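Could you put the whole structure together from the sequences, leaning on the hints where they help?
Residue numbers (the numbering used here), protein chains in the order written: chain A, 1 to 413; chain B, 1 to 413.
Among the clues, some could well be false.
[Unchecked claim] Covered stretches of chain A (in silico footprint by chain B; criterion: 3 or more residues with CB under 8 Å from a CB of chain B, positions within the stretch not fixed):
(1) 87-101
(2) 185-191
(3) 210-216
Since the hints were made in silico from the structure, they are not lab data. Small disclaimer: the values here were computed from a predicted structure and weren't measured. Glycine residues also receive a C-beta, built at the ideal position from the N, C-alpha and C atoms.
Number of protein chains: 2
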Amino acid sequence: MDIEKANTEATQRMMEARPVVVGMGKAIDVIPGMRDDLLLHAGPPITWGRASGPMQGAITGALIFEGKAKNGAEAQALVESGAIKLEPCHDHQSVGPMAGVICPSMSVYILENLTHGNKSFSNLNEGYGKVLRYGAYSEEVLERLRWMEEVMAPVLGKAIEMSGGIDIRVLLAEALHMGDEGHNRNKAGSIMFTKNLAPYIVKATDDSAVASEIIQALGDNALSVLNPVMAACKAMVDTAHNIEGSTIVSVMARNGTDFGIRVSGLGDRWFTAPVAVPQGLYFPGFTAEDASGDIGDSTITETAGIGAFAMASAPAIVTFVSGTPRDAINATLEMYEICFTEHKYFTIPPLDFRGTPTGIDIRKVVEKGITPRVNTGIAHKEAGVGQVGAGLVRPPMNMFEEALVAYAEKYGF
Amino acid sequence: MDIEKANTEATQRMMEARPVVVGMGKAIDVIPGMRDDLLLHAGPPITWGRASGPMQGAITGALIFEGKAKNGAEAQALVESGAIKLEPCHDHQSVGPMAGVICPSMSVYILENLTHGNKSFSNLNEGYGKVLRYGAYSEEVLERLRWMEEVMAPVLGKAIEMSGGIDIRVLLAEALHMGDEGHNRNKAGSIMFTKNLAPYIVKATDDSAVASEIIQALGDNALSVLNPVMAACKAMVDTAHNIEGSTIVSVMARNGTDFGIRVSGLGDRWFTAPVAVPQGLYFPGFTAEDASGDIGDSTITETAGIGAFAMASAPAIVTFVSGTPRDAINATLEMYEICFTEHKYFTIPPLDFRGTPTGIDIRKVVEKGITPRVNTGIAHKEAGVGQVGAGLVRPPMNMFEEALVAYAEKYGF
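Encoded structure:
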């Protein structure tokens, strides 16, 4: 087995992938394997009983949004009876931030990888505070989701088509030169996304008040582009998955209870371990006591070589996630230790335009005793509350050790 | 004379100024002292005979735009006969990039400093390549100016009013955390400016095609916000001018032939010296042989503590103006040597959020033998061509020496 060759192929594919947002569609219509009785969620597989507060809250909100439940008890009954199934987004070419719940009638961005032809999907970003992805499901949350679904999505989808598509690799490469790291800080990317689409949003509806409102919603949400960025990363890493003999991590994801990884050469098997609680800065009125365990598919950004791996590009992020600008540089430098290569297209100006650390190699993680760094939002541990902060977290080491053991067993080392 | 106290007052005023773009108007209607027979230009006073190629080109273009001349010869005759007068923008609360020509019927941004009440003005940015400010005046240049005047300006002016105004100090503070330095790199600022105005542009016209075109023009021009930024810096430094006893530079400006400075405690006297030619990167097909001497009022950015003084915030700029990211850090560090203070609101993440070097002190410039650094575009030396590159330049030392001598004479040191 030529591991170097396999990892070279995996990482080259990942970097050469060129995902473009080409349109929007209802999840039920466009996501492969989506069904009327199915909810997708972040992270590895989970049951209602083991699900964290924010995950239960988001499932409840999604079932209310679908008109299938009126409250948490009804949602619980539907899921526990098997009338509603739960499956990971990752098994459906999809990703979602935080709870990451995607339901059948929700609109999703459609991304197409121009290099390899695979597609990926993610839902619309709701903004800050009380939002479904953080487990909130009050009437105000649902009203916002309905506005996004009924007013925003049709116009945005049309605008995307009229624009000819938004190349997210190009956008990210530029955003990394504008102080973003692509995960917790997407300020530059979100306003670039907005300014690219705004001229078409104007043309996609006859109602100028609606156009104005949609442009404002996109432009004022510094995470607008997070979901398309996550989907782009999913499209990238999917091309690096199932390369025979590769030790590259192709998925990192958390459901609030378990952290899970997949490894390119080890098929669709999840290696899981209990999540940690992120360390970070809390919003006024909240402390670490309020925090849910680590949650969300957004670790797909680190898996693709951005996010915490590109912290050196985003010194201003420390005001949001804690630490100093020097810590941001060191975060990136440390990640080179466990990565197979440096990115061809994502470069870091303060490091003399060095490529971001790309392709987490489970051999290096275990050998050096360094786990990947992750930037993240922090959800309240109870259903129905929402975001309480943002910070930094590491996945448990034993997943990587187990994956390396499985690799040795499979490939006979 | 308590120089420290005078300089503290000058720099505090400069930093506490809070310029907001509040609307647009025709130069003749809104700029104090603007007259029908007057053109404003960048830098210290100049005559046709001593004017550089790009300055003569821009004057010619402006007179064609005004319907007063048909070509360079007619423009020359009008200016040399005194039928058309030339005066510095700086004497009319105005600034303009490169040739900086503002003519009576041109629309200008109106800025109001909320703290001290003074106003400032600058024209619209035309984008790249063949543009009036670089001395080009072909039919395509004039057609673009007419579109900006007839289509863009009325809608933009209305949108600005509807928005309640764009606070440029806030915008700049954020842009410096997004890889801009506010002079040669205004990528982040320009898309922020666009995303702030786009929702109102949509509402300011019934014609969605026009709204779309204006949003696209603003969003695709990474210098859209340069002119409002320059006007904001003018509003800031104007508050620091005429402070009895202050040794702070309150104007740096070039007309392509002469560099000129003014000093807060020395009134409206210009200290001038011949300009240098910038060192930098040239567009394909051009070399240093093609370059005009240093030109433009945009050095108002450095005078206010951004631009080359904030280079450390903008490591990616070196791909445009030459050098390495380390040079960018060093540029800022060197400027602390000649500045009186550090900015309260403009901070630099890679330097642990240290304030930008602010308030050039002529005593320090002369004593340390360090002239201010300036980032700049480079114009072709002949009228009618346009931009040929971008780079770095320093003002001549003898202006600062002369100013210091004048200071000693006035204040009796």
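Enumerate the violated hints, using their earlier numbering and listing them in ascending order.
1
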